[in-house]
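**Student:** Got two chains here, separate frames each, mind docking them using the hints?
Protein chains in written order, with the working numbering: chain Z, 776 to 1074; chain R, 15 to 194.
Worth flagging that the hints you see were computed from the coordinates, not collected in a lab.
Since this is a predicted model, take the numbers as computed values, not measurements.
Note that CB positions come from ideal geometry on N, CA and C, so glycine has one too.
Treat each hint with caution, since some may be false.
[Claimed, not checked] Lysine to aspartate or glutamate pairs mimicking EDC-like chemistry, simulated, CA-CA at most 16 Å apart:
| hint | chain 1 | residue 1 | chain 2 | residue 2 |
| --- | --- | --- | --- | --- |
| 1 | Z | Lys1073 | R | Asp77 |
| 2 | Z | Lys1073 | R | Asp142 |
| 3 | R | Lys62 | Z | Glu1050 |
| 4 | Z | Lys1066 | R | Asp63 |
| 5 | R | Lys95 | Z | Glu967 |
[As the list claims (entries may be wrong)] So the derived list for chain R, only partly shown, Cβ under 10 Å to chain Z, looks like this:
| hint | residue |
| --- | --- |
| 6 | Gln35 |
| 7 | Phe36 |
| 8 | Thr37 |
| 9 | Thr61 |
| 10 | Ser66 |
| 11 | Phe88 |
| 12 | Asp177 |
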Amino acid sequence: MSREFERYFKNTLNRHECLLNGEKVTLVFQDHSQSNNKDLSDDKYVIAPNSIPIKTGDYIEWSNSWWMIFTEEFKTIQTHQQAKMKEANKIIKWIVDGDGNISNGGKGWPAYAISQTLYTMGVNVTTYIPVVDSKVMLFLQDNEESRSIKMGRRLFVGGRVYETQYINSFSRPGVISFLLDEVAIGPYDNIELGIADYYSEVELKEEDKSSTSNYLIMGELNPRISRTYRYEPEGFSATEWLLDHTSNESPAHINGFDESGVQLKFKDDNRFVGETVTVIARAEDGTYVSKNIVVALKF
Amino acid sequence: MAVQGSRGRKARKAPNKGIMQFTKWKQAAIEKMLADDELMKLLTYTTKDWKSRSDVSEEARYDLLDKNIFQYKFIDPIADKQESFVSMGLAYFAPQEGFRQFSDDYIMGYFYLYILCSRHIRSTHQGDRADLIASRLYDILQSSRGIGMGELRMETQGEIWADNNSHGGYFLGFQVVDFK
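Looking at chain R on its own, in the form it has when it is part of the complex (with noise of 0.2 Å):
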């Protein structure tokens, strides 16, 4: 937004602050997701030997998005296909305060990664397909800058099920501190 200053020059805009930066931390994960490409191949095929087959293509990459990768919690397309699928959240962003104690500067939320597989496809030779997405997922964001201040830190972990069971998973809740 620009303003008129006292000498008649436009401010600069504002820089993303706390919550503003939602698109951009969802946007780096993305990222660090479509460059490994022992994730891109969990999630693009579908059979025990996953690993033995071709790298996924940068065209193939970005056809998972909004096909298996989602950026909010619910995965849109209806399951008619044995697949895997990875969404996100961003939750409980609120000021670093507590007894006593008050931010003027911080907020701190979590980053929640949900994975969810068909339960048909979970078996496969290098191991369970959800434990090695999730082992993927960890590898990339734990201790990764770029989301948040400092480095994201993993604070909780647990399982999903979903739909009697036909698709299976773990949701991994990552801590995001940054500047209100």
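So that you can see chain Z by itself, here it is in the shape it has in the complex (with noise of 0.2 Å):
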């Protein structure tokens, strides 16, 4: 590092403490101009020397806020390193596993939000309905989680839903950017936590209020005709297993049975489609344990 830059970046006025990816150091941010950049997003350079490692797609903590770096420069006389950075001016959520746990250990992502709903309204009106229809470009970190949103992923941006319809990791190694296409927002989508996809259909369906003990039936709330299912009790063992329908016949036969469960195996006739079927089970302290289940199509 040159002496003229060691003694500039000691003095100058703009230096300050960060957190460069989680890790605390000493960075000069310098304006990108007097005028603010049109008040477009406030752009800045981030100056540092050699020392420390910066590169694209890092994140800084600083003045209460995210930032994000968008470009490196090879700089061909090497006394020191210069970055730009954007202010991320979102954080985006989305559910990165199996397990249902959101990204960034349920932070979600800093991101960089540009609209482009250029010339046009962002809702499209055809002949019989009105539909959103604005357009997002959303920059990333490139990191595991960020690469796991494949085409078609829904995310929230805003408080509104959006499909990915384009993703680009090349033209800015370190920052992924992505194409979103405004889509209306679903049952499953959660508004409150702004994750699109959250909840699966299981948690959805509304609580079985009828059973006050701590028994439950554990098994398929819609098996579908032609097919076998097995019934469990949770919490209990079952001395006696019996099936409830409003129809004349019995939808399903009990197809063997024990104290740990039961094998239904539902009739293939799609006449029993729609129909309830309370699946019941005796405990051995004598309580009856029941679940309700609706039968589904075959296919």
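**Tutor:** Shown next as structure tokens:
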């Protein structure tokens, strides 16, 4: 590091302590221009000695805000390094695995989102119905979790849901940019948390309020005709199994049972589709436990 | 309209005839829709297990009006949620006349029902949502009385899609015959 740069770096007014990818460092932040980039975004230069590793896609926490390193520079006279950073204006959350874990340990990843709804109102008025149609470009750090966002993946940005329709991880190595097309909010989206496709079907089902005990019967809520399903007691041992149904004929056969569960083979008959069947198990203490299931189509 | 008769009494108001009955027919159709428990569930619940959900309350049924049920073809609110819709139209009412056939008394036209579902909620445990809604509407309207003379009869049916296929469904066209 040259002596002139050392002197500058030690004495300049705009040196600040901040967190670079979670680690405490001191960096110099230089405004892009006096006019603050025409109010579009608060872009700044980051100036640092070569000893501090800074690369595109890195996150900086400074001044109660999140910033993303957007461009690096290969300096020809390597006295120091300089990069450009943009203020992250949105935190994006999505489910990253099969266990319902939220991105970045639940905190979500800071991102730079910009509207791409240009020369249009963001609504497509068709013959029958007006449909939301805005477009957004999203920049995220290129990491394992952001790479798991594939084509068609739905994300909440600013309270609205968008579908990923273009993924670009090559233009700016270290940052992935997405082009998103607005879609309608669905029953499995969590609007309060801002996470799309948050709920699974089982979680949305209404609680079975008739059961006051801790005894439960586990098994498929929507069994298909012609197939066989197993229902198991949880928290108790079953001494007896019964089926209650509204039609004259039972929609299922009991195909073998013991205290750990019962096998139900549903008859291959379309007339049973839509019927509610109550699976009842008798516990050792004499109480009856029930579960309502509704028969589904074969396919 | 009150008219002074020759004996000085006001004549009775002329009965609604022909297309003056558009409102009455639409009201009759909506009455039948709101009384159908399954149709109400299909329009209220957007998940595959719509059938296992609780019955839709009377209040909630009325809430569907001008939100999911419309008295004209176009569905007003901007679709920013995955939902289903039923809208309607009345068209082509004209005297029943053809070659050497004249009618002093009757007009005939079509009562259209439009069904549109967000593509993302069409699959349900009991079948395709648009199919199920069409099935309910057919059940309550086909051969029903109260809309036009005699029994309502479906004459035409087809598929409709909107917005590059974000929404899809059917139209059902019922023939309506009534006094001119």
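**Student:** Hint by hint, note whether the structure agrees.
**Tutor:** Verification of the hints:
1. Z:Lys1073 x R:Asp77: violated, 34 Å
2. Z:Lys1073 x R:Asp142: Holds, at about 13 Å.
3. R:Lys62 x Z:Glu1050: holds, 15 Å
4. Z:Lys1066 x R:Asp63: The hint holds at about 15 Å.
5. R:Lys95 x Z:Glu967: It holds: about 15 Å lies between the C-alpha atoms, which stays within 16 Å.
6. Gln35: With a minimum Cβ separation of about 25 Å from chain Z (threshold 10 Å), the hint on Gln35 of chain R is violated.
7. Phe36: violated, 20 Å
8. Thr37: violated, 22 Å
9. Thr61: Since the shortest Cβ distance to chain Z is 5 Å, the answer is holds.
10. Ser66: The hint holds - Ser66 of chain R has a Cβ within 10 Å of chain Z, the shortest such distance being about 4 Å.
11. Phe88: holds, 6 Å
12. Asp177: holds, 4 Å
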